[in-house]
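A.B. asks: Next come the chains, spelled out residue by residue.
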Amino acid sequence: MIIAEFGLRNAEWEMKTENGIVVDMDIQKIPLEQIDLLDETFSVNYFPDLQKLRSSIQETGLIQPVLLRKKPGGYQIICGFRRISVTKALGRLEVESRVFEGKEMDEFRLFSLSLHENLTTRGFNAVEKAVALDKLIHRFQIHRAVVINTFLPFFSLEPNEKILSTFLSLAQMEDEIKTYVLKEEVSRGNIRRLSALSPDDRMALLSLISPLKLGENRLRELLTLLEETSRRSHSTVKEIAAQAEFQAVLSQKELTPSQKTERIKKVLTDLRYPKLSQLEKAFEKKRKDLDLPFNISLHHPPFFEGKGLKIEFQFETIEEYQIILSALSVLPEKEAFKQMIQKD
Amino acid sequence: MFPIQIEKIYLDEKAEKDSVSKTILKALPNIPVETVEDKRTLIKQFSSMSDPIGTGKRYLLITHFYGKRLKPCPGTSNHICCGYYVINAVTNCPMDCSYCVLQGYLNNPFLTVYTNWDDLLEEINYFLSRDKSSLLRLGTGELSDSLALEPIFPISQFLIDFFSKRQRAILELKTKSPNIDSLLDLDHQGKTVISWSLNPPKMIGEEEKRTAPLTTRIEAARRCQEKGYPLGFHFDPILYHEGWEKEYRETILQLFKQIDSRRVVWISLGGFRYPPHLKAIAEERFPRTEVFLGELFPGRDGKFRYLKEVRVDIYRKMARWLKEVNPGLFIYLCMESKEVWEKVFGWAPESSRHLNRLFEERVRGFVG
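So the sequence lines, in the order shown, correspond to chains R and L.
Counting from 1, position 76 in the first sequence corresponds to residue 66 in the numbering used here; the numbering is continuous, with no gaps.
Throughout, the numbering used here is defined as the position within the second sequence, counted from one, plus 35.
Quick caveat, the hints were computed from the structure, so don't treat them as lab data.
Incorrect hints may appear among the rest.
[To be verified] Keeping only pairs whose Cα atoms sit at most 30 Å apart, straight-line, the calculated DSBU-like set for lysine-lysine is:
#1 R:265 x L:281
#2 L:373 x R:328
#3 L:338 x R:265
#4 R:265 x L:314
#5 L:281 x L:358
#6 R:275 x L:373
#7 R:297 x L:378
#8 L:338 x R:256
#9 L:43 x R:297
#10 L:314 x R:152
#11 R:297 x R:271
#12 L:352 x R:265
#13 R:271 x L:352
#14 L:244 x L:43
#15 L:43 x R:152
#16 L:43 x R:271
#17 R:297 x R:256
#18 L:338 x L:237
#19 R:265 x R:324
#20 R:265 x R:250
#21 L:103 x L:57
#22 L:378 x R:278
#23 R:271 x L:338
#24 L:378 x R:328
#25 L:314 x R:276
[Said to hold, decoys possible] Chain R side only, calculated, beta carbon under 10 Å to chain L, not exhaustive:
#26 144
#27 150
#28 186
#29 189
#30 264
#31 265
#32 297
We treat Cβ as the ideally placed atom computed from N, Cα and C, and that holds for glycine.
Next comes chain L alone, as it looks inside the complex (with noise of 0.2 Å):
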């Protein structure tokens, strides 16, 4: 098991009789434990700590969610986004990755669990029946990291049981974790994607605070193939710096030695991009990063992003060395410009529905 580091864990009193509740507590026997009437107030009077994020990764809160916890991917305007459905099991993340998003993001800065999964499968299941004719992929990486909590909230087991009787959908587990033990024996009849974000080793050492080293990343990944779980990759995001490309290159060439690339469902290729605001709070936490020494431009949707000369040849070398392991691979770019995946494949999805549809097609030709 990865290590997660919990000091205490807040049980929202309407949580308390939830079996997820019991397993959680049963997993974690020497954490003190509080009991919380009003998890408003305990998330005010903690979000005026110093460094609430930091500190708010070590305090686990069970509780449950109200409210729409299956959205579409919020994605950027004015780019091309895959349609992917994002399922909010959790919120926050263990792991501290200096370009970490969510850390201008949340404003719950508690490691939270929901344990409210009836609700959750009831808003599911209503959502898939709503729409019989495509095939929708849904994952829960967006919030938080899939499995890094698997130990003690094992969320991913059940929906991996409940993804498996889906004809038509798609359950997608992104991850910088190992925690992969508990899902190998799970008959998961294909319908789960288990898929890992990279970066080369220098990176993750500085950059990814409290995530898995690459070789244990690609290990997992190995011992998911054998138990017939089509992996996806994500090299997102791309930290461009110098010597990225010989370190790139060793990381897909390292990846390739453990991994069938047959097996390989989808790799996504995203640069380093950010919304004006994370540049100040993650300075103050991470002082030593380097993520934000690029050149990095607002673009018309507002977030930073490298030159586009740079992305565009970040890109196509990406694509080079990942074609040179496997011309078949199904590779695609994350919230990028029509502009930007012409340069970069000689062609581009006509809209963000268009990708979809090339998605599914893929799915279905993998998984049948």
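Same shape as in the complex, but just chain R (with noise of 0.2 Å):
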């Protein structure tokens, strides 16, 4: 395997491989239109962000040369598609190349390479990772054991096998849903939740998770209440957003994000929960029953594991205290304060 070390001299690249090789490659202005885009076999990109690497071609050209390879009728790109995108985008015709000829190296070491400058170069996003994992596995045919000792840590992640599967999820994933994971910065343990899930329910999430505003605590409690009802319920992700509810949250227009999360939330709950949910409504009801001054709060124990009720009023005048203590005073005669109360 390459263990690479870049750097400019005079023009010239140096690449040391590890049984100490060195090529050394003259730089050569090569037609952009001689240049197979559309050829990724060596890509990474994902959502890459351009303006600042166009910015810097724009004042100062291309600083470092791209690095190509021959193939029938053209060039295959080994690195520097964003710069080969940037310099197509600013009308050039030609781009500083290095160009290996024909199959001096093969594919995977080539790939490496391509790994190692974008590493000192840019760095990689959640996605690039995935993807260049799974190109490893299931392009390059790397051994499982060798992806995880070696090239994990090349991507400052744990070596292990759950890290792995969890990358090779991300990329088999939908664009759209890719595209959140890096937006919204998505976990990993969010991502093997949202691996657990079909195609299909996976776009039928993102449509109703776009719209909230969820850190991660929020979109793994709602990746949970989802996956844990569509379990009990037998039915899809999918069939479970597509509920009137969801809907009629979404399309509040006054509502704010946050708003729409907690209510998205409470909707899911009472669908994961539905005894629950029976309770409290049940409970609900008989409080609203006692038509209590609204400076009193009546409260059943959380969950209602235990006994007894607990009542909390607030008051800022003598008045006040006295309007509290007289409704207090009639509560033992309220049906429902008695059915509250009662044991069975």
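Hints in hand, dock the two standalone chains.
C.D. replies: So this is what it looks like as structure tokens:
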């Protein structure tokens, strides 16, 4: 495997391989029209932020030439997909390049070279790591143990099977989901939860969660509630997400994303815990029947575990205090109150 | 013998000369053995592997136990517990139940047997000598299944003999295995209760991997009853799911077709409950498990339980079906609140100590 060091030395490129071979390559100007932009054999780019690169190339030109390989009828890109893309967008016709002739290096070595170059110049986002790992396993047929022990640390990931599986699953997900993962910086735990869903379910989920403001924990809660509700009710996430209550929440324009999140969570919680929801609704109905002043609140024990009710009240004046006392004093006569405290 | 899948034995050099170690090695003749100088390093290395809990079940560590092995059952706070004492002769279990609390409890993932039996007996003797008034119940089924390893590690035979000579102590062996052959001809003097944890066949198939089927457990219980052993049964954890009533009722009927209810000393009922950290561990190991799909919420002790309303319904029905078989059955609730006891039975023990006294009366009336 290549242990590459890259540097510029009098317009010459130096690359060292582990067996000590040094390849010096001249810089050439290659016409863009001869480069196959659709050949993504060595690309791991996903959702690249090209703005900074564009400004840099506009101001100073291409500092580091791209790396190409000759192929019948043109050139294949090894390193420099983003640079070539920007150069083309800027209307230039040629790009400074170093060129491998044909088959002087096998594809896996070239891919490794590309990864090293990317790591030193810009790093990888989560989806790019996933794409790279997927290519190593499925395209270049590298043994899983080698990928775990060598490439996961290369990407600053812990070397274990679970991490590899998480990233491989991300590589297979739909582009919209990958974009969401990047935009919202979705954690590995939540990527694993997403990977357990079918593509249809993932897309349905996306339409539900995209309008919301979800942190890591809220996303985990919603995914867990959805997954468990789906398993309990033997229905798909898509079927659950299509329920009218969700659409009703999402269509309320006056709600902020945070408010929508809380309401969506409440709907899901009621679906996931129907007995608790029934108990809460029954309690709420009785509480309303008591017609308590606004400054008295009545609570059941958490999850209805344990006995007793809790009453809280707040007042600022003697008059308010007296109103509270008289409201409390008539409670024992009310049927709803008796039902609330009776032992079954 | 119920199959035990051991791939390798680690023999702590401190346990190398124990006769029990030799018995184990003789019972597992074709398993590779590695002698270990420092078990702590071994445990540390092993714990960093993926799924150490699952893998550890296939690796047997033979070693000594230092420290107290006899402890009060941890029970749970704010609930009524039965005043039981646990003897830790083995840690971890070759069976693999999805709901098992050991998955998140043990910091040594190996299936570990402790061969310093003399120290253990000394500890039990000392413990029994301190309390001369009450009848004590002790059992080995807390950190492992009591009988799963019996064919290779015959600690139960040893303890049955020890307890047969004690006046104020009862040993309980809790199991999901059928490994009772070596116990049948022992002179137990009625001082050992052998008890089986029971669940309907569907639940056993889905959630209790590598345990004996229900029919096998009941058959093993029947054979023990024939040999005069008092029996116990634990419907714990009861797993609430669609169709639970039919399944549990049929299990009860199936049990008492073979078992004489008059020889059953106690039956416990316990709804599934779990500490908060267990869910993530168990779901990772058993992605298809359905035990966490119930409506479970944290209680005053921090453990998740079914809604009180659900638990009361379960216990009332289970108690009714059991009492229909024999109204004299001694049924108790495991780790439940006084309130739930009252709702289920119309009365509740005043305290854990009170429940312990009731046990004492039951056992005295039973074994004399």
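A.B. asks: Look at each hint and say if it fits the structure.
C.D. replies: Structure-based check of each hint:
1. For the suggested pair residue 265 (chain R) and residue 281 (chain L), the alpha carbons sit about 21 Å apart, so the restraint of at most 30 Å is met.
2. As the CA atoms of residue 373 (chain L) and residue 328 (chain R) are separated by approximately 22 Å, the hinted pair is consistent with the 30 Å bound.
3. Under the criterion of a C-alpha separation no larger than 30 Å, the hint pairing residue 338 (chain L) with residue 265 (chain R) is consistent with the structure, at around 19 Å.
4. In summary, the hint linking residue 265 (chain R) to residue 314 (chain L) is supported, as the alpha carbons are separated by about 21 Å, within the 30 Å threshold.
5. Only pairs whose Cα atoms come within 30 Å are accepted, and residue 281 (chain L) paired with residue 358 (chain L) is accepted, the gap being roughly 16 Å.
6. For the suggested pair residue 275 (chain R) and residue 373 (chain L), the alpha carbons sit about 28 Å apart, so the restraint of at most 30 Å is met.
7. Simply put, residue 297 (chain R) and residue 378 (chain L) have alpha-carbon atoms about 12 Å apart, close enough for the 30 Å limit, and the pair holds.
8. Only pairs whose Cα atoms come within 30 Å are accepted, and residue 338 (chain L) paired with residue 256 (chain R) is accepted, the gap being roughly 23 Å.
9. Between residue 43 (chain L) and residue 297 (chain R) the CA atoms are separated by roughly 52 Å; this puts the pair beyond 30 Å, and the hint is violated.
10. The suggested pairing of residue 314 (chain L) with residue 152 (chain R) holds, with an alpha-carbon distance near 18 Å, which does not exceed 30 Å.
11. Of the supplied pair hints, the one linking residue 297 (chain R) and residue 271 (chain R) holds, its CA atoms being roughly 18 Å apart against a limit of 30 Å.
12. Between residue 352 (chain L) and residue 265 (chain R), the direct Cα distance comes to roughly 18 Å. Compliance with the 30 Å bound is thereby established for this hinted pair.
13. For the hint linking residue 271 (chain R) to residue 352 (chain L), the alpha-carbon distance of about 26 Å falls within 30 Å, and the restraint holds.
14. Annotation: proposed proximity of residue 244 (chain L) to residue 43 (chain L) holds, straight-line Cα distance about 21 Å (limit 30 Å).
15. Taken as a hint, the residue 43 (chain L) and residue 152 (chain R) pair is honoured in the structure, with Cα atoms around 25 Å apart against an allowance of 30 Å.
16. Of the supplied pair hints, the one linking residue 43 (chain L) and residue 271 (chain R) is violated, its CA atoms being roughly 57 Å apart against a limit of 30 Å.
17. The hinted pair formed by residue 297 (chain R) and residue 256 (chain R) meets the criterion: a straight-line CA distance of about 25 Å does not exceed 30 Å.
18. Pair hint residue 338 (chain L) plus residue 237 (chain L) holds up; C-alpha atoms about 25 Å apart against a cutoff of 30 Å.
19. Only pairs whose Cα atoms come within 30 Å are accepted, and residue 265 (chain R) paired with residue 324 (chain R) is accepted, the gap being roughly 26 Å.
20. Restraint check for residue 265 (chain R) and residue 250 (chain R): the C-alpha separation of about 24 Å stays at or below 30 Å, so the hint holds.
21. With a CA separation close to 24 Å, the supplied pair residue 103 (chain L) and residue 57 (chain L) stays within the 30 Å bound.
22. Note on residue 378 (chain L) and residue 278 (chain R): the hinted pairing holds, with a Cα-Cα distance of about 27 Å set against a maximum of 30 Å.
23. Restraint check for residue 271 (chain R) and residue 338 (chain L): the C-alpha separation of about 25 Å stays at or below 30 Å, so the hint holds.
24. This hinted pair checks out: residue 378 (chain L) and residue 328 (chain R) have alpha carbons roughly 18 Å apart, not beyond 30 Å.
25. In summary, the hint linking residue 314 (chain L) to residue 276 (chain R) is not supported, as the alpha carbons are separated by about 35 Å, beyond the 30 Å threshold.
26. Here the hint on residue 144 (chain R) is broken, as its CB sits about 20 Å from the closest CB of chain L, past 10 Å.
27. Because the closest C-beta pair between residue 150 (chain R) and chain L is about 6 Å apart, less than 10 Å, the hint holds.
28. Here the hint on residue 186 (chain R) is kept, as its CB sits about 8 Å from the closest CB of chain L, short of 10 Å.
29. Against a cut-off of 10 Å between C-beta atoms, the interface hint on residue 189 (chain R) is violated, since the closest Cβ of chain L lies about 19 Å away.
30. Among the interface hints, the one on residue 264 (chain R) holds; its C-beta lies about 8 Å from the nearest C-beta in chain L, closer than the 10 Å criterion.
31. The restraint placing residue 265 (chain R) at the interface with chain L holds, with a minimum CB-CB distance near 5 Å, inside the 10 Å limit.
32. Look at residue 297 (chain R): its Cβ gets to within about 6 Å of chain L, closer than 10 Å, so that hint holds up.
The structure shown violates the earlier hints numbered 9, 16, 25, 26, 29.
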